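All chains should be modelled from the sequences, with the hints used to inform the complete structure.
In order, the protein sequences belong to chains S and P.
Residues 1 to 446 (full-length UniProt numbering) are what the first sequence spells out, left to right.
Residues 1 to 312 (full-length UniProt numbering) are what the second sequence spells out, left to right.
To be clear, the hints were calculated from the coordinates, so they are not data collected in a lab.
It should be emphasised that the depicted structure is a prediction, and the values quoted were computed from it without experimental measurement.
Every residue gets a Cβ at the ideal spot worked out from N, C-alpha and C, and that includes glycine.
Do not take every clue at face value.
Pairwise CB distance ranges, derived in the manner of DEER restraints [said to hold, decoys possible]:
hint: 1; chain 1: P; residue 1: LYS111; chain 2: S; residue 2: ILE27; range: 34 to 42 Å
hint: 2; chain 1: S; residue 1: MET293; chain 2: P; residue 2: LYS129; range: 56 to 64 Å
hint: 3; chain 1: S; residue 1: LEU14; chain 2: P; residue 2: GLY103; range: 34 to 42 Å
hint: 4; chain 1: P; residue 1: LYS129; chain 2: S; residue 2: ILE248; range: 26 to 34 Å
hint: 5; chain 1: P; residue 1: LYS114; chain 2: S; residue 2: ILE248; range: 54 to 62 Å
For lysine to aspartate or glutamate, the following DMTMM-like pairs were computed, each having C-alpha atoms within a straight-line distance of at most 25 Å [said to hold, decoys possible]:
hint: 6; chain 1: S; residue 1: LYS442; chain 2: P; residue 2: ASP57
hint: 7; chain 1: P; residue 1: LYS87; chain 2: S; residue 2: GLU439
hint: 8; chain 1: S; residue 1: LYS10; chain 2: P; residue 2: GLU108
hint: 9; chain 1: S; residue 1: LYS223; chain 2: P; residue 2: GLU174
hint: 10; chain 1: P; residue 1: LYS128; chain 2: S; residue 2: GLU208
hint: 11; chain 1: S; residue 1: LYS223; chain 2: P; residue 2: GLU71
hint: 12; chain 1: P; residue 1: LYS87; chain 2: S; residue 2: ASP338
hint: 13; chain 1: S; residue 1: LYS433; chain 2: P; residue 2: GLU93
hint: 14; chain 1: S; residue 1: LYS422; chain 2: P; residue 2: GLU108
hint: 15; chain 1: S; residue 1: LYS4; chain 2: P; residue 2: GLU174
hint: 16; chain 1: S; residue 1: LYS4; chain 2: P; residue 2: GLU200
hint: 17; chain 1: S; residue 1: LYS10; chain 2: P; residue 2: ASP57
hint: 18; chain 1: P; residue 1: LYS135; chain 2: S; residue 2: ASP334
hint: 19; chain 1: S; residue 1: LYS223; chain 2: P; residue 2: GLU158
hint: 20; chain 1: S; residue 1: LYS4; chain 2: P; residue 2: GLU81
hint: 21; chain 1: P; residue 1: LYS129; chain 2: S; residue 2: ASP334
hint: 22; chain 1: P; residue 1: LYS129; chain 2: S; residue 2: GLU336
hint: 23; chain 1: P; residue 1: LYS90; chain 2: S; residue 2: GLU208
hint: 24; chain 1: S; residue 1: LYS10; chain 2: P; residue 2: GLU132
hint: 25; chain 1: S; residue 1: LYS223; chain 2: P; residue 2: ASP213
hint: 26; chain 1: S; residue 1: LYS442; chain 2: P; residue 2: GLU132
hint: 27; chain 1: P; residue 1: LYS308; chain 2: P; residue 2: GLU200
hint: 28; chain 1: P; residue 1: LYS111; chain 2: P; residue 2: GLU93
hint: 29; chain 1: S; residue 1: LYS223; chain 2: P; residue 2: GLU93
hint: 30; chain 1: S; residue 1: LYS433; chain 2: P; residue 2: GLU158
hint: 31; chain 1: S; residue 1: LYS422; chain 2: P; residue 2: GLU60
hint: 32; chain 1: S; residue 1: LYS422; chain 2: P; residue 2: GLU280
hint: 33; chain 1: P; residue 1: LYS135; chain 2: S; residue 2: GLU208
hint: 34; chain 1: P; residue 1: LYS129; chain 2: S; residue 2: GLU208
hint: 35; chain 1: P; residue 1: LYS180; chain 2: P; residue 2: ASP213
hint: 36; chain 1: P; residue 1: LYS106; chain 2: P; residue 2: ASP118
hint: 37; chain 1: P; residue 1: LYS18; chain 2: S; residue 2: GLU439
hint: 38; chain 1: P; residue 1: LYS128; chain 2: P; residue 2: ASP118
hint: 39; chain 1: S; residue 1: LYS438; chain 2: P; residue 2: GLU71
hint: 40; chain 1: P; residue 1: LYS114; chain 2: P; residue 2: GLU174
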Amino acid sequence: MGSKLGLIIKREYLAKVRNRSFIVMTILSPLLIVGMIVLIAYLAKINDDEVRVVTVLNESSYFDEGFISSRNISYVYLDQISVEQAKDSTASMGYYGLLHIPKGNSIENVARQARLYTKDNPNTSVTQQLEGIFQKQLRQDRLGKLGVSSDQFSEVEKPFGLNLSTFEGEKSLKGINEIKAFIGGGFGYAIMMFIIIYGGFVMRSVIEEKTSRIIEVIISSVKPFQLMLGKIIGTSLAGITQFTIWIISASILLMLAVLLLGLDLGAMTGDAPLPSETMGGMSQFASMDSEMMMYAKEVFDIPWGLLIVSFFIYFVLGYLIYSSIYAAIGAAVDNETDTQQFIFPIIMPLMLGIYVGFFSVFSNPNGPIAVAFSLFPLTSPIVMLMRLPGGIGQGGVPLWQLLLSISLLIVTFLGIVSLAAKIYRVGILMYGKKPTYKELIKWLRY
Amino acid sequence: MDHILVAKNVSKSYGNHKALSNISLEIPENCIYGLLGPNGAGKTSFIRIINQITHQDTGEVFFNGTPLAPEHIALIGYLPEERGLYKSMKVGEQALYLAQLKGLSKSEAKKRLKYWFDRLDIGDWWNKKIQELSKGMAQKVQFIVTVLHEPKLLIFDEPFSGFDPINANIIKDEIIELKKKGASIIFSTHRMESVEELCEYIALIHKSEKILDGKLSDIKKAYKNNIFNVGLQTQQDGEALIRTLGEKFNIVSSHIDPNEKQLDFKVQLPSAHTSEILAELSKVANVNRFEETIPSASDIFIQTVNSKDNGK
Chain S
1 MGSKLGLIIK REYLAKVRNR SFIVMTILSP LLIVGMIVLI AYLAKINDDE
51 VRVVTVLNES SYFDEGFISS RNISYVYLDQ ISVEQAKDST ASMGYYGLLH
101 IPKGNSIENV ARQARLYTKD NPNTSVTQQL EGIFQKQLRQ DRLGKLGVSS
151 DQFSEVEKPF GLNLSTFEGE KSLKGINEIK AFIGGGFGYA IMMFIIIYGG
201 FVMRSVIEEK TSRIIEVIIS SVKPFQLMLG KIIGTSLAGI TQFTIWIISA
251 SILLMLAVLL LGLDLGAMTG DAPLPSETMG GMSQFASMDS EMMMYAKEVF
301 DIPWGLLIVS FFIYFVLGYL IYSSIYAAIG AAVDNETDTQ QFIFPIIMPL
351 MLGIYVGFFS VFSNPNGPIA VAFSLFPLTS PIVMLMRLPG GIGQGGVPLW
401 QLLLSISLLI VTFLGIVSLA AKIYRVGILM YGKKPTYKEL IKWLRY
Chain P
1 MDHILVAKNV SKSYGNHKAL SNISLEIPEN CIYGLLGPNG AGKTSFIRII
51 NQITHQDTGE VFFNGTPLAP EHIALIGYLP EERGLYKSMK VGEQALYLAQ
101 LKGLSKSEAK KRLKYWFDRL DIGDWWNKKI QELSKGMAQK VQFIVTVLHE
151 PKLLIFDEPF SGFDPINANI IKDEIIELKK KGASIIFSTH RMESVEELCE
201 YIALIHKSEK ILDGKLSDIK KAYKNNIFNV GLQTQQDGEA LIRTLGEKFN
251 IVSSHIDPNE KQLDFKVQLP SAHTSEILAE LSKVANVNRF EETIPSASDI
301 FIQTVNSKDN GK
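Pasting the structure below:
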C-alpha cells in the first residue's frame, strides 16, 4: 500500500513540475521579483537624490545664517534685484521656489511678511523645513528679549530622547515590536500564499481527474484517501521545489543586481519605523548609528531556531488542513467555475489571520485578540508566527499557549482531513450535480 | 459449478435513494455474465461494491469463496463506464502508472504493455499524449490497462461505447479470447445485441431489484410462446387463405406480397407441436419458411421490465 502512495506522489509531482506554466512561472517569478526590487530601489534612490533649489531674496537684516543647505534643499542667495525679477529668474532657471524676506524694522514683522513663491502647491517637507528655520530664529529672538543669551539658547535646544527599558533592565527600542511582528508576519504571509496557490493546484488537479473521468479507473486500484493524500503531498513537494528555486535564484539575481548596478538597497529600508527625527536633528546622526546596531542585535536575537521549527510545524499542519479542504471542494464540483461559493469561506480565515495579525499583533503581541487568533486553528499558523519572534516565556508567548495552539491544530487537522476525505470519496463519483452545502453534509453520512 | 463471485442479499442506499435492494447473484467461473438493466437500475452501484469503491450497507459478497477483501483488488480488472485518462500525460507513462497501481512491477508492466500495444496495433502511440488521440484510440489504451494484470475477474461496463464497429469487433474478439484463457467476465450493458453474442448467463436488474437471472438459453426457453414465422408461396388469393387458416389457427399478424405471390404470417400454436399445421399448410401451398421465434434478449428485457412496471 505504501508503494502505491509513493507512485501517486511521484506522478502528481512530475505532472506538476513538467507543466509548462509551472516551468514558466518558476523561471519568470524571480526575474519579476528582482526586477521589482531593483526598480523600487532605483526609484527610491532617485527620490532621495532629488535636491530642491530654493532661491532666497533676503532684503532684511535678519535670517542671515539660517539657510544651510540640507539633504534635499539647497539655497541660492539672490541680491540687488526686485521681487518680480527674482521670480522670473527662479522660474527660468527651473528652481523649485523663491523665498522672499522683505525689509522690516523688526524680526517679527519681517517673518510675518516673508513669502514662498512656487510653481504649484509646495511640498510639505519643504515648507516644514523653512518654517522650522523661521521658528527657531524667532524663538531665539523672543527668548533673547527675555534675557536668554544665545549660548543659553543652544543649551536649551539640545535634543532629548527618552531612555527605554524593559522590566528586566534591558534597554528596549521603539518600534521593535513592529519589526518583530513584521518578520513573523513574513513567515505567516508565506504560509498563506503557499496555501492559496498550492491548495488551488490540488483543487484543479482533483477537478481534472473528475472531468477526464480517470478517477474511477484509479480508485478501483487505490483508496480515495490514498489518492487525496498523494495528491496533496505531491503537489506540495512541487511547491517546495518551486519556492526553493525562487529563493536561490532570486538571491543570486539580487546579489548580481547589487553588484552590477551598485544599488543601495538600504535606501529602501530608510523609511522603516525609526524614531522620528527631531528638529535640527543633525546632532542625532551619531547616536543613530549605535541605535541601528541595537536594532540589528534585536533582530539577530530573535529566536530564529524556534521560529523556523514552528514555521515548519505550522506550515505542514496548516497546509494539510487547507489543502484537504481544497481537495474536497474539487471533488464536490464538476468544473472550476462552481468553486467560488466554497472558496470564499476558506480564504476568509486566512485573510482574517493576516489582517488581525497586522493590526492587533503589531500593537500588542500578547493582547487578548492576538492570543485568541493564535489559538484558533484556522488562523493560528499565521498569527502565532507573528507573535513568536518575541520569544517564548518572559515577554513573549507563554509556552502553554504555543503548546495549546499546536495541539488544537493537530486535532483540527485530524478532524478536517477525515471530513474532507469523506466528501472527497463521495464527490469524485458524482457527476452533473452542482452541490449545495446541505448536500455536502449529507455526503458525510454516506 | 464453482462461482467466482457470489452476492447474498446485498443492499445499498444513498440517503433516501435505494440503489440496490436485496440483490443475490451467483456468477459462475470462466463464463461471460451479462449484467443488464436500464440506466440507473443499480448496475454501476453493484459493480462499485465488487471493486470496493463503495461498500454495501447489508449483505455479503464472496470472491472465490472468501469474503471480499482488499487483496482481491489485484485479481479484478475494471473498465468503468465513466472512463478517461490524464489528458496531458504520455500514453506509455500513463499505462505504466496505472499498471503499477495494480501491483505490477515496472519491468513486468513494460513487457506486457509492449505485447498488448503490438497486439492491438497501437505501438506507435507510446510517446503521444492522450489529447492527441481519438476517442477510440484512448479506449484501446484503457482496455489494455484493464486486462494487463491478468485478473481472474474482469468487469466491463459498456465496453463498446466509443468504438467504431471495426474496433468494437476487435475488442469483442479479445474479450472472447480472455474468456478462453480462463478469465471470468462480468459484462454490464443495456445494448442487447452484444449480450446475445457474448453472454452465457444474464441477470436483469431493474429499479434496484434483480428481476431475472440464469442461463441465457434457459431463460429464452422459458420465454418462448410457440409463435412461428411462416412463409408461403401460393397462386391463391392470399386474403382468403389467411381467413381460412384463421378459422383453425391463431394468426397473430400477416403480410401479403401479391407481386411475388408471397404470404407471410405469424401464428401462435397452443403447444410446440407443429405437425398438424404443417400438414394443413402443405395441402394448400408451398411452405418456404417455417421457424419458431425465439425471443431475443431485448424482447425479454422489455417484456420483463414492462410487466414488472405494470404489475406494481
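* Straight-line Cα separation of LYS223 (chain S) and ASP213 (chain P) no greater than 25 Å? -> Outside the cut-off at roughly 32 Å; violated.
* **Hinted pair LYS223 (chain S) and GLU71 (chain P), Cα distance within 25 Å** => holds (12 Å)
* Compare the distance between the alpha carbons of LYS135 (chain P) and ASP334 (chain S) with 25 Å, and conclude whether the hinted pair is satisfied. => Holds: LYS135 (chain P) and ASP334 (chain S) sit about 21 Å apart, inside 25 Å.
* Under the criterion that the straight-line Cα-Cα distance not exceed 25 Å, is the pair LYS442 (chain S), ASP57 (chain P) satisfied? -> Given that 25 Å is the threshold and the Cα spacing comes to 16 Å, the pair holds.
* Asked: Cβ-Cβ distance between MET293 (chain S) and LYS129 (chain P): within 56 to 64 Å?
  -> holds (60 Å)
* To do: Starting from LYS87 (chain P), check that the Cα of ASP338 (chain S) is at most 25 Å away, please.
  => holds (21 Å)
* Given the hint that LYS4 (chain S) pairs with GLU81 (chain P), test it: the Cα-Cα distance must not exceed 25 Å. => holds (24 Å)
* Asked: Is the Cα-Cα distance between LYS10 (chain S) and GLU132 (chain P) 25 Å or less?
  -> holds (24 Å)
* Is it true that the CA of LYS422 (chain S) sits at most 25 Å from the CA of GLU108 (chain P)? -> Between LYS422 (chain S) and GLU108 (chain P) the Cα gap is close to 35 Å, so the pair fails against 25 Å, i.e. violated.
* **Holds or violated: LYS422 (chain S) to GLU280 (chain P), with C-alpha atoms at most 25 Å apart** => It is violated: about 72 Å lies between the C-alpha atoms, which goes past 25 Å.
* For the pair supplied as a hint, LYS10 (chain S) and GLU108 (chain P), is the alpha-carbon distance within the 25 Å limit? -> holds (19 Å)
* Could you grab the alpha-carbon distance between LYS442 (chain S) and GLU132 (chain P) and see if it respects the 25 Å cut-off? => violated (40 Å)
Consistency with the previously given hints fails for numbers 3, 5, 7, 9, 13, 14, 15, 16, 17, 25, 26, 32 and 39, ordered from lowest to highest.
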